[in-house]
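Trainee: The lines below spell out each chain.
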Amino acid sequence: MSQPGGIPANPNSASVIHDIGYRPYAGPRHGEGAIARALVTTGFRNAFGLGRSGRSKILPFVLLAFNLAPALAIAGAIMLANLKEMPIGYARYAATTQVLLGIFVAAQAPVLFSRDQRHGTLALYLARPLPAPAYAIARWLALLGATLVFLILPIVILYAVALLGEFDLTDETRKAAVAVGLALLLTAAITGIAGLIASVSTRRGFGVMATIAFLLLGDGIVAAIQGISSQEGNERIGEIAGLFSPYSLYRGLVTAWADGSSMTPPNSTAMEWLYAAVLLAIALACVAGLVWRYRKLATK
Amino acid sequence: MDQVVVTEGLTKDYGAVLALDGLTVQVAPGVTGLVGANGAGKSTLIKILLGLIPPTAGRARVLGHDIATEGPQIRAAVGYLPEHDCLPPDVSASDFAVHMAMMSGLPRVAARERAADVLRHVGLAEERYRPMGGYSTGMKQKAKLAQALVHDPKLVFLDEPTNGLDPAARDEMLGLIRRIGHDFGISIIVTSHLLGELERVSDQVVVLDGGRLLRASRTDDFLDATGALLLEVLGDDAQARMLDALTRAGLTAARRGSMLTVDASHPAGVQDGGADADVHDVIRDTAGALGLGLVRLQADHRRIEDVFADTSGPR
Chain A
38 MSQPGGIPAN PNSASVIHDI GYRPYAGPRH GEGAIARALV TTGFRNAFGL GRSGRSKILP
98 FVLLAFNLAP ALAIAGAIML ANLKEMPIGY ARYAATTQVL LGIFVAAQAP VLFSRDQRHG
158 TLALYLARPL PAPAYAIARW LALLGATLVF LILPIVILYA VALLGEFDLT DETRKAAVAV
218 GLALLLTAAI TGIAGLIASV STRRGFGVMA TIAFLLLGDG IVAAIQGISS QEGNERIGEI
278 AGLFSPYSLY RGLVTAWADG SSMTPPNSTA MEWLYAAVLL AIALACVAGL VWRYRKLATK
Chain B
815 MDQVVVTEGL TKDYGAVLAL DGLTVQVAPG VTGLVGANGA GKSTLIKILL GLIPPTAGRA
875 RVLGHDIATE GPQIRAAVGY LPEHDCLPPD VSASDFAVHM AMMSGLPRVA ARERAADVLR
935 HVGLAEERYR PMGGYSTGMK QKAKLAQALV HDPKLVFLDE PTNGLDPAAR DEMLGLIRRI
995 GHDFGISIIV TSHLLGELER VSDQVVVLDG GRLLRASRTD DFLDATGALL LEVLGDDAQA
1055 RMLDALTRAG LTAARRGSML TVDASHPAGV QDGGADADVH DVIRDTAGAL GLGLVRLQAD
1115 HRRIEDVFAD TSGPR
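Same order as they appear, the protein sequences are chains A and B.
Residues 38 to 337 in our numbering are what the first sequence spells out, letter by letter.
Residues 815 to 1129 in our numbering are what the second sequence spells out, letter by letter.
Hint data in this document are derived by calculation from the structure and do not stem from the laboratory.
A hint or two may mislead.
Stated by the list, open to error - Listed next, the stretches of chain A that the computed footprint assigns to chain B, with coverage defined by at least 3 CB atoms under 8 Å from CB atoms of chain B:
no.: 1; segment: 61–69
no.: 2; segment: 152–160
no.: 3; segment: 163–171
Being a predicted model, the structure only gives us computed values, none of them experimental.
Built from N, CA and C at the ideal position, the CB exists for glycine as well.
Produce the complete structure using the sequences and hints provided.
Mentor: This is how it looks when you write it as structure tokens:
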């Protein structure tokens, strides 16, 4: 007796129709480079809540929408009023939306750096071929990429409008390129800081608050010192105070190299390069810190 | 067949704790139970074998790769199910298995296929598409097992895979382990502090105590060592009458709880059955003669625990 399809009717048989046995995998296996790339891609998607629960998509996309709204408004104004000049510089744009940027980085760094530790998933990554330092750098690159979307997209929108509005192409391209370069420096530094804080604080709330405090409050203090020193006429103090926060470094450089609004910008070439070097140094030191941290976690 | 794990004088000194103390052991292919009390050095051994932490002294090879120099090759060829929680709650088992397969170097398409296959083998059906945060402990263990198998490893380390499972889920997990070891052809090193379940699934058992090797042998050897039989009879004052009758039949028998143990290592034959009479037959006939219901007659499986119990005495 057999059922339709020729399957023997044997109620005691443990095998069922979908049990086709175990098939070993004999196909190709990629090396560390491809694995790291896959980890960066997944991390980038996770930073925007993609591949995670629906709830985790809300914050990043709301922030992104707020961040892009002014750029779209400006684009609309330029098109409608047929302006011949950009009302806000490419590089200055990020300085005006720095609070949104700070919240995004603070809120999403724990997704990439705390989640795996809090849920123990890190042990699974460490038991796979990718070494801990490569894991740390791949996670940082994912956060860097996600944060760059915040800074680069407005530049792209404004640049596209400039092209459509037949602005001076050479001039606009140069300004946009400077803005992209500065965006890279700023993003590298703040993602490094946020990543490092998140990697040592497995509690999400603590990591978020500490990062916001460090980035935004730190910048507030620096801005206050710069304001006072500017009013007192002692701009040298403000210039030096500007070295102590990524945002003030960025504003200083924007003022020096583009059209920024810093009250006490670096006023010598040496100081300008020092500002840039400090931003780069913050980024490198934080990435080195991340590598050290994950190497330690791997051998715990 | 080549040994899957070979260690030589493996020592791990944490300063305050000597986690492994000159461990020399060979593990053959198949299912191997790694037994030891908490702190016996099981987890430390697994981490050293994964190439994650360096040993203070000694050498080891996993699947022929040296742990000191070939960590990445080892980690590409083994799977690992940790004892603790390791699943992100906001990701589905399906997405997670695909991701972990890619983290072992599988291309995306192959990773999808493997993930679907392995999730079916461990028995996660429709729930594989739901976030794992809402899973029961049994489902979580299955998802953890799936990620350990998804890249088709040659050897998997399962650290306490039955921890926290109810009896039904534990039986299911043990059945899976047996299938993986015997049908899938993947060697398994499984730790547990429940000895009874290890002897059900493992071909060999390695007993660790205080970082030292207490014993390593085939499971059969452990069980044969006693040669004792466990039996249970039903009836009026059944145990006392049976014990009495068995002693008179020339067997060494003793009470254990509601059951009796009979030493089967000495040949019976005092009774009329002659020198060749099997102990099983003697027991059956004795129970029959007394009119008692023989409800259980099995090999006494206490031996692994006995080996273990010996170590908890004075040292």
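Trainee: The structure should be examined with respect to each hint, and the outcome stated for every one.
Mentor: Going through the hints against the structure:
no.: 1; hint: 61–69; verdict: holds (count 8)
no.: 2; hint: 152–160; verdict: holds (count 6)
no.: 3; hint: 163–171; verdict: holds (count 6)
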